[in-house]
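Using the hints, position chain B against chain A.
These are the residues of each chain, in order.
2 protein chains.
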Amino acid sequence: MYKFGTFAVKFSSGFVCSSFENCNMAARVICSLPYEQISNEMANLDVKTRLGANEGKPQFVLKTPKGTRDYNPKQMAIREKVFNTIINSFKRHGAETIDTPVFELKETLTGKYGEDSKLIYDLKDQGGELLSMRYDLTVPFARYLAMNKITNIKRYHIAKVYRRDNPAMTRGRYREFYQCDFDVAGQYDAMIPDAECLKIIHEILSELQLGEFLIKVNDRRILDGMFEVCGVPADKFRTICSTVDKMDKMAWVDVKNEMVAEKGLAPEAADKIGEYVQLNGNSELIDRLLEDDKLSANKVALEGLKDMKQLFVYLKLFGVEEKIVFDLSLARGLDYYTGVIYEAVLVQTQADRETKQNDSSESVGVGSVAGGGRYDDLVGMFDPKGRKVPCVGFSVGIERIFSIMEQIVEASDQKVRTTETQVFVATAQKHLLEERMKLLAELWRSGIKAEIMYKKNPKLLNQLQYCEEAGIPLVAIIGEQELKDGVVKLRVVSTRDEINVARANLTEEIAKRTCQS
Amino acid sequence: MYKFGTFAVKFSSGFVCSSFENCNMAARVICSLPYEQISNEMANLDVKTRLGANEGKPQFVLKTPKGTRDYNPKQMAIREKVFNTIINSFKRHGAETIDTPVFELKETLTGKYGEDSKLIYDLKDQGGELLSMRYDLTVPFARYLAMNKITNIKRYHIAKVYRRDNPAMTRGRYREFYQCDFDVAGQYDAMIPDAECLKIIHEILSELQLGEFLIKVNDRRILDGMFEVCGVPADKFRTICSTVDKMDKMAWVDVKNEMVAEKGLAPEAADKIGEYVQLNGNSELIDRLLEDDKLSANKVALEGLKDMKQLFVYLKLFGVEEKIVFDLSLARGLDYYTGVIYEAVLVQTQADRETKQNDSSESVGVGSVAGGGRYDDLVGMFDPKGRKVPCVGFSVGIERIFSIMEQIVEASDQKVRTTETQVFVATAQKHLLEERMKLLAELWRSGIKAEIMYKKNPKLLNQLQYCEEAGIPLVAIIGEQELKDGVVKLRVVSTRDEINVARANLTEEIAKRTCQS
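So the protein lines, in turn, are chains A and B. Using the numbering used here, read the first sequence as starting at 1 and increasing by one per residue. Using the numbering used here, read the second sequence as starting at 1 and increasing by one per residue.
Simulated from the structure, these hints should not be mistaken for laboratory data. Heads up, a few of these hints could be off.
Since the list can't tell identical chains apart, any single copy or any two copies may satisfy a pair.
What the hints assert, rightly or not - Pairs of lysine to aspartate or glutamate residues, derived as EDC-like cross-links and limited to a Cα-Cα distance of at most 20 Å, are as follows: (1) K323 / E284; (2) K91 / E207; (3) K512 / D497; (4) K149 / D485.
Keep in mind that this is a model prediction, so the values were computed, not measured.
One chain only, chain A, in its complex shape (with noise of 0.2 Å):
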């Protein structure tokens, strides 16, 4: 069994937090294990729900949907700190954002995901629309630019998606999760928007501190135009396409054997595509292959490749070229990308690196964290006229995300806090409720984020416990002397000073003491 606490990592965070010592065990372990411990988690569940069911009370499971999970208010606060600085970044972008709803018609969604279809939720047929939930945020985004006849716009989008894998085969995934979409629509000059979207994945994952990362790059036309110079035949683009995407899964030998043996292609010419997807690099890479008579004399891969140079002019513009690898083994696996394709990967987190020696098959760290391309042709598959609206964007692979964040905060030894309470109303006295009602209704007129205890004669040591708890910084204690010289007495927490502060100045006091962002 998996274990909490094997890991002693450290991490430059800059971010507030502790140990899990409050939150159900249960509801962590869900949260940031493959699905194989999830399922014995669940299975744990049944088996305790079904046991209490016996003792007279109706026989019932507890738990979330089989791939779903709560979030606990530890996890939130790290969800909010990771949707701030991804929405952050796409405002200095001037981005701006829209919303769909949860469900679209079936119809909607046919056709747009190949095989993966089988993955879609349907909703019953309760004698209405039939109508599935929405699968991506790309689809409705293109739906949406249709049916509203919108030619440009800068949006992101976040919110959750939904897919009916099987969670014991595709490790840390799960059936109900976030997707941070960031796209831009329009006609526009060739490559400008693509390095953008470059740019900010760049600045996401350089924020979010999660480790190392490298973003490759690709294009569909170079692919595509390799596949032709190398003698595929046209009608087994895609599916060689595919093929290609699983090597940074597999060996070469093992692609090839794919490609010839289950793919009918011939074995020259899975040779000549092994020389080139072998090859990775940065812009001496595409002055090679610029030079290169066969790719050259091809004219999409010739587009591609001259798109992909100026990508690079402009990522060295943008200061990113350092971690960005043209690799020709980059496929990508959706139908719908039509130019530049990328994908952010971590190439070894700090949290991995502890992990791996305790035990190599869990780690959580490595692997795509990000990915997208452009699309040019998605928005006309909603046009009643099939006009064309040219996109390119990027989601981020926000869960991966949550659990390596997850991991650094159980690793660190500060307090996440899950609330922002400046000052906790106590009092050492009976019969005061009334008057710390009083004095809390002063702190929120002004403001303040206050709390008391729902008692009407709460120990002191209790209502200290729970600021300590909860790290609330201050507590303001009246007692019957305080009220009478018109004072408040201010305790810091963490050092257990005291001071007397005039009552007309304690709000002023306070706010100084706790500046919040």
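Showing chain B alone in chain A's frame:
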């Protein structure tokens, strides 16, 4: 046909906004009109797309599912403002947040909503668990507490819920809509968290500046005691309760008729109820009822009345008692309430008052905007051992609030910004794309929100026009001369003033001129 632009309403909302001159008409109509009109819009849309489909493209309907809508960037800006106000208030009161999946096991929802269960969306049985879309956030909250054995929490949850309501019958209601819930779970002294809930509703409605509001309160125990002393048989309490709930929409004579003719209550019993439920007032009414021999002799009613008296003491301490009305006709639909219940209603909004002059049937402004109460038994329904966790909370009816905010924005002549871009990097000369990109990257690195046009050689006029439309306050203009001199020409869009700023000082100058929250 309902027309926009018929309002001439001014609001002191402090909200920067404008008419939606760039926004798609269909999308606007969908978001702020009652259902009849939405259906018409959708029907029109269908006809259009089906017509388009005849021109050689496959026939499909370009729309969102019935009862759902997209949010465009301007609507999202309004939504963000409303959510921020609400979340700030929740945080001011020390609330944490959680999230739960959008669907639950079907059996989790079974038996919680009485007759309304027929409105639950089920997912198709695709060979796994039977799932249903969540109908509210309260039942998932109770499931979360029981599953994680949590006995104390103060949490908010903002998320979409799903109801297969007939949109033509329930005006202004969507099938997918947001709820903003705040709840306190835990065993505390009577009425303290209950009073805080009312304080928070008061805070939110005051800060949103929607118009005059009142918060009606009552207690299920007072209602039950009243039914008992009026001679209602115990098995008719719930059904008579739901008839009482209609008193805000029906005259007493019709309410009485329903009780007697439809529900078989003795006319004398109905008359006795009639005497009570037409009462409303404040703490004096409570005193009067405490002196009512019959009611105060009823143990349950007496408990309710004593707590109500205590509640009003606390509400006065919190400074909100003026807007609270003790109303014996308030019953609330849901079965799970066990104590105090409350509902906030807008008495009449500004928008409403003006609208009525034109078309009295189209008001979306008046009605319930928040409601809640105490439900001490719901968590126990999920606990295998039936352990109770007392809870009190409320839900803000955010869709109605969006509609009102949209009317306010529509009626005002200020601009709603959908981006936060501080500066646009422009040029009047050709061949300066790379220089624009370099400056842009400098600004991004300093955290400045900045954009360029994605064109190699855009016209200056187009660049300036874009800034005016998007509400971008500053333009950083570069040309050969500026580059040579190491300066940037900073133009203020609103005044058209231009000054030269040394490139080294540019970031600071922009930050100073666009200080953002």
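Taking the hints in turn, this is what the structure says about them:
{"no.": "1", "hint": "K323 / E284", "in the structure": "within (15 Å within a copy, 73 Å between copies)"}
{"no.": "2", "hint": "K91 / E207", "in the structure": "within (14 Å within a copy, 26 Å between copies)"}
{"no.": "3", "hint": "K512 / D497", "in the structure": "within (16 Å within a copy, 38 Å between copies)"}
{"no.": "4", "hint": "K149 / D485", "in the structure": "neither (68 Å within a copy, 44 Å between copies)"}
Checked against the numbered hints given earlier, this structure breaks only hint 4.
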